[in-house]
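Same order as they appear, the protein sequences are chains A and B. For the record, in the first sequence the residue sitting at position 1 is 12 according to our numbering, with numbers rising by one throughout. For the record, in the second sequence the residue sitting at position 268 is 279 according to our numbering, with numbers rising by one throughout.
It should be emphasised that the hints constitute simulated quantities derived from the structure, not laboratory data. Mixed in with the good hints there might be a few duds.
[Unchecked claim] Here are the simulated DSS-like cross-link-like pairs (lysine-lysine), alpha carbons at most 30 Å apart as the crow flies:
hint: 1; chain 1: A; residue 1: K280; chain 2: B; residue 2: K500
hint: 2; chain 1: B; residue 1: K126; chain 2: A; residue 2: K222
hint: 3; chain 1: B; residue 1: K500; chain 2: B; residue 2: K126
hint: 4; chain 1: B; residue 1: K26; chain 2: A; residue 2: K430
hint: 5; chain 1: A; residue 1: K222; chain 2: B; residue 2: K434
hint: 6; chain 1: B; residue 1: K333; chain 2: A; residue 2: K228
hint: 7; chain 1: B; residue 1: K333; chain 2: A; residue 2: K288
hint: 8; chain 1: A; residue 1: K18; chain 2: B; residue 2: K288
hint: 9; chain 1: A; residue 1: K503; chain 2: A; residue 2: K478
hint: 10; chain 1: A; residue 1: K437; chain 2: B; residue 2: K40
hint: 11; chain 1: B; residue 1: K280; chain 2: A; residue 2: K15
hint: 12; chain 1: B; residue 1: K434; chain 2: A; residue 2: K333
hint: 13; chain 1: A; residue 1: K17; chain 2: B; residue 2: K288
hint: 14; chain 1: A; residue 1: K176; chain 2: B; residue 2: K288
hint: 15; chain 1: B; residue 1: K170; chain 2: A; residue 2: K176
hint: 16; chain 1: B; residue 1: K437; chain 2: A; residue 2: K26
hint: 17; chain 1: A; residue 1: K434; chain 2: B; residue 2: K130
hint: 18; chain 1: B; residue 1: K434; chain 2: A; residue 2: K228
hint: 19; chain 1: A; residue 1: K170; chain 2: A; residue 2: K195
hint: 20; chain 1: A; residue 1: K289; chain 2: B; residue 2: K126
hint: 21; chain 1: A; residue 1: K24; chain 2: B; residue 2: K45
hint: 22; chain 1: B; residue 1: K45; chain 2: A; residue 2: K437
hint: 23; chain 1: A; residue 1: K17; chain 2: B; residue 2: K222
hint: 24; chain 1: A; residue 1: K100; chain 2: B; residue 2: K437
hint: 25; chain 1: B; residue 1: K289; chain 2: A; residue 2: K176
hint: 26; chain 1: A; residue 1: K198; chain 2: A; residue 2: K176
2 protein chains.
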Amino acid sequence: MSEKEKKQSMEQKAKLEQAMLRLGLLQRKCREAKLPVLITFDGYDAAGKGLQINRLIQAFDPRGFDVYTGDRDGEEELLRPFLWRFAVKAPAAGRIVIFDTSWYRKVQMDRFDKKAGKKELKNAFADILAFEKQLTDGGVVLVKLFLTISEKEQRKRFKALEASKETAWRVSENDWKRNEQYEKYEKINQKMREQTDRPYAPWTVVDAEKKNEAALKIMNTVADAMEAALAAEAPAAQLFDGPVPPDRYQKGILAKADLSLSLPQKEYKDRLDALQKKLALLHSELYRLRIPVVLGFEGWDAAGKGGAIRRLTSHLDPRGYKVCPTASPNDEERAHHYLWRFWNNIPKAGHIAIFDRTWYGRVMVERIEGFCTETEWRRAYQEINEMEQHLVNAGAVVLKFWLHIDKDEQERRFNDRLKNPDKQWKITDEDWRNREKWDRYEEAVNEMLEKTSTKAAPWVLVEGNSKYYARVKVLETVVDALEKRIKQKEAKNG
Amino acid sequence: MSEKEKKQSMEQKAKLEQAMLRLGLLQRKCREAKLPVLITFDGYDAAGKGLQINRLIQAFDPRGFDVYTGDRDGEEELLRPFLWRFAVKAPAAGRIVIFDTSWYRKVQMDRFDKKAGKKELKNAFADILAFEKQLTDGGVVLVKLFLTISEKEQRKRFKALEASKETAWRVSENDWKRNEQYEKYEKINQKMREQTDRPYAPWTVVDAEKKNEAALKIMNTVADAMEAALAAEAPAAQLFDGPVPPDRYQKGILAKADLSLSLPQKEYKDRLDALQKKLALLHSELYRLRIPVVLGFEGWDAAGKGGAIRRLTSHLDPRGYKVCPTASPNDEERAHHYLWRFWNNIPKAGHIAIFDRTWYGRVMVERIEGFCTETEWRRAYQEINEMEQHLVNAGAVVLKFWLHIDKDEQERRFNDRLKNPDKQWKITDEDWRNREKWDRYEEAVNEMLEKTSTKAAPWVLVEGNSKYYARVKVLETVVDALEKRIKQKEAKNG
Chain A
12 MSEKEKKQSM EQKAKLEQAM LRLGLLQRKC REAKLPVLIT FDGYDAAGKG LQINRLIQAF
72 DPRGFDVYTG DRDGEEELLR PFLWRFAVKA PAAGRIVIFD TSWYRKVQMD RFDKKAGKKE
132 LKNAFADILA FEKQLTDGGV VLVKLFLTIS EKEQRKRFKA LEASKETAWR VSENDWKRNE
192 QYEKYEKINQ KMREQTDRPY APWTVVDAEK KNEAALKIMN TVADAMEAAL AAEAPAAQLF
252 DGPVPPDRYQ KGILAKADLS LSLPQKEYKD RLDALQKKLA LLHSELYRLR IPVVLGFEGW
312 DAAGKGGAIR RLTSHLDPRG YKVCPTASPN DEERAHHYLW RFWNNIPKAG HIAIFDRTWY
372 GRVMVERIEG FCTETEWRRA YQEINEMEQH LVNAGAVVLK FWLHIDKDEQ ERRFNDRLKN
432 PDKQWKITDE DWRNREKWDR YEEAVNEMLE KTSTKAAPWV LVEGNSKYYA RVKVLETVVD
492 ALEKRIKQKE AKNG
Chain B
12 MSEKEKKQSM EQKAKLEQAM LRLGLLQRKC REAKLPVLIT FDGYDAAGKG LQINRLIQAF
72 DPRGFDVYTG DRDGEEELLR PFLWRFAVKA PAAGRIVIFD TSWYRKVQMD RFDKKAGKKE
132 LKNAFADILA FEKQLTDGGV VLVKLFLTIS EKEQRKRFKA LEASKETAWR VSENDWKRNE
192 QYEKYEKINQ KMREQTDRPY APWTVVDAEK KNEAALKIMN TVADAMEAAL AAEAPAAQLF
252 DGPVPPDRYQ KGILAKADLS LSLPQKEYKD RLDALQKKLA LLHSELYRLR IPVVLGFEGW
312 DAAGKGGAIR RLTSHLDPRG YKVCPTASPN DEERAHHYLW RFWNNIPKAG HIAIFDRTWY
372 GRVMVERIEG FCTETEWRRA YQEINEMEQH LVNAGAVVLK FWLHIDKDEQ ERRFNDRLKN
432 PDKQWKITDE DWRNREKWDR YEEAVNEMLE KTSTKAAPWV LVEGNSKYYA RVKVLETVVD
492 ALEKRIKQKE AKNG
């Protein structure tokens, strides 16, 4: 080493040490400010992602970060939408999450291997962009790194790995294939970055041939992003607590529901019985054809959600369905994006998830009680539509039920519950308080039904003053939708 | 149906309804009393486990239970000890967990298929018994159900399933094989129940040919167990807060450590460098041979745990290791068995988990601060040995390090931290308070080292007044243990 090189090396070492101290300090600041940080590493095989991640994490307190690795989906993940494994691992407030290869990896592999067509690709990029927007809108500091090395360097590294018994297994046939078609793969990567570079989620390309230089660039990129986010921290969000301005949602879809619809007991029993048996058979078919099903239930207190769900599930095999009740979020849930806890219950392909109250809490109770800002709930309509679209893109049947009763019927049911010792526990002071906000809820529900009933994931308004009628309508709707999808899928499978 | 049959059927229906009401009420009581309930369903194929579980859960509020199904381990689970997937899903305080086939299933399958030898079987039953004892000692209400049907009835049900397109796929070749060798399988099951029937974890055999009778028996068994546990609820546990009686652990292993051991800087650097490079290669070998590694670090505050761990990991591939720091338990952790949160970080085969503070908190800080009862921490020595033995039975390398410094050295380091602005955050009032309890900690540590240093999972006392010496000793010990295990495994693989 010449004197000059020695000096350069010393300088670089000092810079690296400084960058690490800076990162340690910023980690503590982000923890205090409750900022979640998400760092993704993508790039060429043998570019040294593992090594660079290890250097980066040496700067952090291990109590504050998680590293998730793996460039392919596991068994559990293959059965869910491709963004699922990232969504459920997104960082909580104040924590850092590092992904060794991100949501881009699978898309790029499928593209290189020509497994994904134009339509799949378009859907995947749209899903990714919506996901990144949701994360960053939710306050996540997102750093996307892309590590590059030249074709020649890659070949050299593959050969070095192959030369040693302990590391030879790391180089796969596919790795060599991508090296041989380096230019083609490079083009795919460039295009991908162009299509997904956004101000809120920019790409940083890192030349990873020289390890120390790359490490310094990575550390500084991460530190800059954390610092910028800390500086930009908005003043305490303004909660929405004023009166709802009178607008066109006061009289909407709900007012038009025909609540006189009913069903005599005999007919109810016969039809219910037939529908339940049919549903049990369809459930087997769903499993066989690997179709995931998401059913959301919303409605007034005492509108009969629980009863409808029990009729829906009473003949199902518990191995294939799950009822997911939604209560107030716990601490861990509160520390994440509001959609996170629902991502955690997204069913595997072939399974049914039934949500007793749903992510629509954002635009109902959270809106009305001021648990989120107006900006946040207004943004939620689109976010929810995007999430449901992603589920449908992954092959899911998505249905949402609004169980509707009128105010008099609710009062009758509340009083019934009070009189029945086995049901008293079902009624709380909060139910009575919510009742007083009926008009504001009605307005919010009207707006929600209008803005989030999509072709992919429609709302079904269930006239619920007659429990018999409501239960049969729910079951019938589910049976029809499943039959339709099963036929489609069988036709597609040929 | 004769008049008599009609009457019987009516009576049965009334009994079932009553049992369901009773279960609903007991669920609410167990939630209030924070009792966790674990119900397992095992038994013959086509005995109707799914149907019976579905009937049982109709009685429960869905906010309070989870059903876990699957009679085989998934990808993630195959790479971990066979009790892992059950340990991490054990119920939190006040919740009900239902397993559709339990920890017995795999053992029984392996036995039927002659995959497990005598020794494996003996280990498996010992592991299971220890696990059930730990659960129930920890307050879990454990109900083990075994559903039986006759050979003839099973054949009938298989044929019925096969007759319909929607359900034919449910009957596998192995199912038929077990039906053909019904007697052999029955004997295995009987023996299994005999060997694992304990007062704290009794088996209940349910004749499942008649569905309503079986449902009633299951519901009443579960309800009786819940009721008995509620009745037996001990008065508030007596916390241990008296002075520690002088005993033989006051002067023990720690006093014998030679804290003058040290290493000059030059030798430290050379040996550290060589060891780190060697460890990186061994890490690849571990992965290739699918050997899991569990390293636990305990020691006095400022003894250098963090520094030793950083030297250990600095050359490792982050895809293959994880540092798991142990802070005060959060709400979810507090609602589970004290070992639960460590089960959640048990590494996959081929991966290294490094615990910065460990499950030994139970017999140190929890003992000394009175966070658990004396009965609980005294029981913990055996529980911990059993858990570690289970890991070793599953092929893991388990090492525990006690980083030891004397009281003067600790004071020097505390003062150093106070003076260094980059390190001030590392020192808290609690550190000073713990220091005042040095003698009580020393006693607890001596007892712990003596009672939990086993052949399978030894403690390594690291003389830590010299950081250089300590780091090299840690790395050397890890490298030696890994080399030894790798050789063993390669010899075994042939």
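Okay, the hints, checked on the actual structure:
For the hint linking K280(A) to K500(B), the alpha-carbon distance of about 64 Å lies beyond 30 Å, and the restraint is violated. For the given pair, K126(B) sits about 48 Å from K222(A) by alpha-carbon distance, which is inconsistent with the 30 Å threshold. For the proposed pair K500(B) and K126(B), the alpha carbon gap of about 19 Å is at most 30 Å, so the pair holds. Restraint check: the Cα-Cα separation between K26(B) and K430(A) comes to about 23 Å, which is no more than 30 Å; the hinted pair holds.
With a C-alpha separation of about 28 Å, the suggested pairing of K222(A) with K434(B) holds against the 30 Å cut-off. Between K333(B) and K228(A), the direct Cα distance comes to roughly 24 Å. Compliance with the 30 Å bound is thereby established for this hinted pair. With a CA separation close to 49 Å, the supplied pair K333(B) and K288(A) exceeds the 30 Å bound. Our distance criterion of 30 Å between C-alpha atoms is met by K18(A) and K288(B), whose separation comes to about 26 Å.
A hinted pair counts as satisfied when its Cα atoms are at most 30 Å apart, and K503(A) with K478(A) does not qualify at roughly 38 Å. The straight-line distance between the Cα atoms of K437(A) and K40(B) is roughly 14 Å, inside the 30 Å bound, and the hint therefore holds. Among the hinted pairs, K280(B) with K15(A) is consistent with the structure: their alpha-carbon atoms are about 25 Å apart, no more than 30 Å. Only pairs whose Cα atoms come within 30 Å are accepted, and K434(B) paired with K333(A) is rejected, the gap being roughly 49 Å.
Restraint check: the Cα-Cα separation between K17(A) and K288(B) comes to about 23 Å, which is no more than 30 Å; the hinted pair holds. Between K176(A) and K288(B) the alpha-carbon distance is near 15 Å, which keeps this suggested pair within the 30 Å criterion. With a C-alpha separation of about 53 Å, the suggested pair K170(B) and K176(A) falls outside the 30 Å cut-off, and the hint is violated. For a cut-off of 30 Å, the pair hint linking K437(B) to K26(A) stands: about 23 Å separates their Cα positions.
Distance check on the hinted pair: K434(A) and K130(B) sit about 54 Å apart at the alpha-carbon level, beyond 30 Å; violated. For the given pair, K434(B) sits about 25 Å from K228(A) by alpha-carbon distance, which is consistent with the 30 Å threshold. With a CA separation close to 21 Å, the supplied pair K170(A) and K195(A) stays within the 30 Å bound. Of the supplied pair hints, the one linking K289(A) and K126(B) is violated, its CA atoms being roughly 41 Å apart against a limit of 30 Å.
Between K24(A) and K45(B), the direct Cα distance comes to roughly 55 Å. Violation of the 30 Å bound is thereby established for this hinted pair. Note on K45(B) and K437(A): the hinted pairing holds, with a Cα-Cα distance of about 19 Å set against a maximum of 30 Å. Between K17(A) and K222(B), the direct Cα distance comes to roughly 82 Å. Violation of the 30 Å bound is thereby established for this hinted pair. At most 30 Å may separate the alpha-carbon atoms for a hinted pair to count; K100(A) and K437(B) meet this at roughly 28 Å.
Taking the CA atoms of K289(B) and K176(A), the gap is near 14 Å; set against the 30 Å cutoff, the hint holds. With a CA separation close to 33 Å, the supplied pair K198(A) and K176(A) exceeds the 30 Å bound.
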